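Guided by the hints, dock chain B onto chain A, whose structure is given.
Chain order of the listed sequences is A and B. Per our numbering, the very first residue in the first sequence carries number 1; after that it's consecutive. Per our numbering, the very first residue in the second sequence carries number 1001; after that it's consecutive.
Rather than coming from a laboratory, the hints here were simulated on the basis of the structure. Remember, predicted model here, so these are calculated numbers, not experimental data. Treat each hint with caution, since some may be false.
[What the hints assert, rightly or not] Below, in silico cross-link-like pairs of lysine to any residue (SDA-like), each with a Cα-Cα straight-line distance of 25 Å or less: (1) Lys1153(B) x Pro1052(B); (2) Lys215(A) x Gly1387(B); (3) Lys215(A) x Gly1329(B); (4) Lys215(A) x Asp1359(B); (5) Lys215(A) x Glu1367(B); (6) Lys215(A) x Trp202(A); (7) Lys215(A) x Leu1295(B); (8) Lys1153(B) x Leu1179(B); (9) Lys1460(B) x Ile1164(B); (10) Lys215(A) x Pro1052(B); (11) Lys1375(B) x Gly1338(B); (12) Lys215(A) x Val1319(B); (13) Lys215(A) x Leu1331(B); (14) Lys215(A) x Ser1352(B); (15) Lys215(A) x Ser1363(B); (16) Lys215(A) x Arg130(A); (17) Lys1375(B) x Asp1420(B); (18) Lys215(A) x Met1398(B); (19) Lys1153(B) x Gly1027(B); (20) Lys215(A) x Glu1316(B); (21) Lys215(A) x Arg1362(B); (22) Lys215(A) x Pro1337(B); (23) Lys159(A) x Leu236(A); (24) Lys215(A) x Thr1340(B); (25) Lys215(A) x Cys1219(B); (26) Lys1460(B) x Asp1084(B); (27) Lys215(A) x Leu1395(B); (28) Lys215(A) x Pro1381(B); (29) Lys215(A) x Asn134(A); (30) Lys215(A) x Gly1376(B); (31) Lys215(A) x Gly1377(B); (32) Lys215(A) x Ala1349(B); (33) Lys1171(B) x Val1117(B); (34) Lys1375(B) x Trp1358(B); (35) Lys215(A) x Ala1361(B); (36) Lys215(A) x Ser1386(B); (37) Lys215(A) x Arg1364(B); (38) Lys215(A) x Ala1055(B); (39) Lys1192(B) x Cys1219(B); (40) Lys215(A) x Tyr1315(B).
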Amino acid sequence: MRRALQVVPALWSVLAALVVSVILLALAGAPPFRALGLVLDGAVGDGGRMADTLMSWVPLTLAAAGLVVTFVAGLWNIGVEGQVIAGAIGATWAARTIPGEGFVVIPAALAAGVAAGALWALAAGVLKTRGGVNEIFGGLGLGFVAQSLATYLIIGPWKRAGIASTSGTEPFREEVWLPTVGGTRLSPVAVILALAAIAVVWALLRGTRFGLRLKAVGANPASARLLGVPTEATILRAFALGGGMAGLAGAVLATGIQHKLVPAIAGGRGFLAILVVLLAAYRIVWVAPIALFFAILSVGSAQLQLRLDLDSSIGGVLQGILVLFVILIGGWQALHRRDAEEP
Amino acid sequence: MLELRGITKRFGPVVANDGIDLDVPPGSLHAVLGENGAGKSTLMKILSGFLPPDAGRIRLDGHEVPTGSPRAALRAGIGMLHQDPLVCLPFTALDNFILGREGKIDRAAARGELREVCARFDFDIDPDARARSLSVGERQQLEIARLLSLGVKVLILDEPTSGISSEQRTKLFSALRTLAGEGLIVLFVSHKLEEVEELCDTVTVIRAGRVVGERALPCPADELVELMFGDLVVSSARPPVEIGAPALRVSGLAAGTGRQAVTGVDLEVRAGEVVGLAGLEGSGQRTLLRVLAGLEPARAGHVEIDGRSLDGSSYEGFVAAGVHYLPAGRLEEGLVPGLTIAEHLTLAARLSDWVVDWDAARSRAEEAIEHFRIKGGPDTPADALSGGNQQRLLLAMMPEDLRVLLMEHPTRGLDIESADYVWTRLLARRDSGTAIVFSSADLDELVGYADRVVVFFSGKVLADLPAAELTADRLGTLIGGKVAS
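Pulled out of the complex, with its shape left as it was, chain A reads as follows (with noise of 0.2 Å):
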């Protein structure tokens, strides 16, 4: 699965799918080619902008980073989403009861993120490795379970002060938020953490014994095991680093971008993360940039709205179409390639 996607159909993809958003956009009533610079021009047409872009882009990153390395396991975590809840709700927690300096309490709270979102993650690996329970139907599931659990923190135990709202928690100390710079909401933190985490999964799959084993359990857990990789072990451990990445970009999401916690604070990310990795067909190196293209359709499109008077789902759909493109053609190939070898 791991070489389902090579780069020339992804290539091939986007320009079809450029193609066919050209004419979706005239169809729409909007001057195609304009609105498509009104989307770059929303996106990166000045610093604020720039930081806002850079914002979307680090919860994504860090979300695709940690899928990369439960899909290179051949593990569907489509739970993605869940871990990202669970994340942001860890972080949550830890924001509104510890005491003391941001300096103590921000990473406090970005370490309980993570801790959330691995303990979500391992849930559906436990199911998968001891209750055989497909990851997906798993992830599902408790995605389901991590969304109510903050709906009702947020209307229940968490409420802010005489209000019951599902508009969110009491905001944060300003000091437990993270900090930015130059009068934006751009944090340098969270852009550091989502290279950082880019840098690990690379290094990971690399250069250890740990992710030469992702890989062989991702291709082929019977030869795996033959050889001696702990299957259930190496399964789980994945689980693990992947929703911690997850709950990471929750717990970013929560302290430096919304400052509370609101029912939807994952937003889709988790989902939008998944169709960021299969346009990079699982390599690590790719992430980066095609989360960087994903924060430039949603955080510019906001302009077709303004501007010309179209719904914003337009970036939604352009991505859609992308990534709708980017399997197809795949599918395609391997359809082909198959015909030629078997019967």
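Chain B only, in chain A's frame:
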């Protein structure tokens, strides 16, 4: 009259069917006989439309039968009962019976029809039972009833007697005789000589994708064996082998379920001894090897390595005791597609280092490549290697000190040079005191390399004989399940 002309089918470089011609008149009980991999199943799948042929034509009663579509074959009157009956498990027997019919569904009429067929052949199927709860034999009866109700004129049965009771077998055979008496063509695919002799009037023998002979039955078993396996070279005297203390001892072993089950296996293999497991595929050899490797649990019995009990031990326990297993499916359960030679050797080294020193790993791989004469580099993925080189890589990954080496089909699919090389390596292991147990479908290999041959039939040990006393002819007869010849 069923006529096949020039049926040819290739899978990559393998020619499974090579210009097969076959004529079967109505009312025939016709056997298609051949060893595993001879091409019987491929031919039957082509005939029943499950596989499109690369070339060739099928005619039934003078009409061309379209190829490559099971639906078209059924319409033309050709139906196949698969080895594992293709029933929908969550459906009831009646729903399965109706499945595949065209037009309006009349359940009451179908129920009556099913009852009628059952009464006629003394089949015992409850129309409302879930297919899941039916035995293999009952599912088979259900499939036969369904195919008959669809009006087939040719009924193909692929190894129908494995996994069914002897009572069901008797009923099946009598039903087939009745049907042939009414003019149906029955094609009976098997590798069991006794059954073919018992049931059929005529037989076509297939070897390596070609028809090698047709006979009217009865016909001497020796003649059929020779047709099935070809001319066998009986090995010359082997050098005497130093045989040591018992390395592996198995007693009263039972394991596996269904077709894969083995029962009552007793076996002793001494250090430096080579034991060959003979038998048609699926007669229990694979299950035995997997139990001995610690990959499958035993239901009963004991396994000892060097006098130490390994009952209930994990795979890791067997590995620690000095057992190594080389499976037949090299890319399925031996190697990891996508990983390179260096990566494989690094995994197989079972070290506990955290960071892999890839420079060292590559130079170790270079050494292994040279030593085992593998055609590839450290960064060549295992799936890009030829079969022979994959087997060499597996040999290169074997640990140094082994007590017991278990192998499935050690040279299957290899050219002669690679096969010789593999055995040179294995015999070197034997000479250093490793006990070797291997299964093979190649009678020459069994007689040529084993000191003893253990013949499996239907999950039981049929014979355990010194290879020196075996002729390949006799081995072939034993494999077909006949003890006395």
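A quick look at each hint next to the structure:
no.	hint	verdict
1	Lys1153(B) x Pro1052(B)	21 Å, holds
2	Lys215(A) x Gly1387(B)	22 Å, holds
3	Lys215(A) x Gly1329(B)	19 Å, holds
4	Lys215(A) x Asp1359(B)	19 Å, holds
5	Lys215(A) x Glu1367(B)	24 Å, holds
6	Lys215(A) x Trp202(A)	13 Å, holds
7	Lys215(A) x Leu1295(B)	22 Å, holds
8	Lys1153(B) x Leu1179(B)	10 Å, holds
9	Lys1460(B) x Ile1164(B)	16 Å, holds
10	Lys215(A) x Pro1052(B)	36 Å, violated
11	Lys1375(B) x Gly1338(B)	17 Å, holds
12	Lys215(A) x Val1319(B)	22 Å, holds
13	Lys215(A) x Leu1331(B)	15 Å, holds
14	Lys215(A) x Ser1352(B)	17 Å, holds
15	Lys215(A) x Ser1363(B)	21 Å, holds
16	Lys215(A) x Arg130(A)	21 Å, holds
17	Lys1375(B) x Asp1420(B)	16 Å, holds
18	Lys215(A) x Met1398(B)	21 Å, holds
19	Lys1153(B) x Gly1027(B)	10 Å, holds
20	Lys215(A) x Glu1316(B)	21 Å, holds
21	Lys215(A) x Arg1362(B)	18 Å, holds
22	Lys215(A) x Pro1337(B)	10 Å, holds
23	Lys159(A) x Leu236(A)	35 Å, violated
24	Lys215(A) x Thr1340(B)	11 Å, holds
25	Lys215(A) x Cys1219(B)	56 Å, violated
26	Lys1460(B) x Asp1084(B)	21 Å, holds
27	Lys215(A) x Leu1395(B)	22 Å, holds
28	Lys215(A) x Pro1381(B)	13 Å, holds
29	Lys215(A) x Asn134(A)	19 Å, holds
30	Lys215(A) x Gly1376(B)	21 Å, holds
31	Lys215(A) x Gly1377(B)	20 Å, holds
32	Lys215(A) x Ala1349(B)	16 Å, holds
33	Lys1171(B) x Val1117(B)	13 Å, holds
34	Lys1375(B) x Trp1358(B)	20 Å, holds
35	Lys215(A) x Ala1361(B)	17 Å, holds
36	Lys215(A) x Ser1386(B)	22 Å, holds
37	Lys215(A) x Arg1364(B)	20 Å, holds
38	Lys215(A) x Ala1055(B)	41 Å, violated
39	Lys1192(B) x Cys1219(B)	14 Å, holds
40	Lys215(A) x Tyr1315(B)	21 Å, holds
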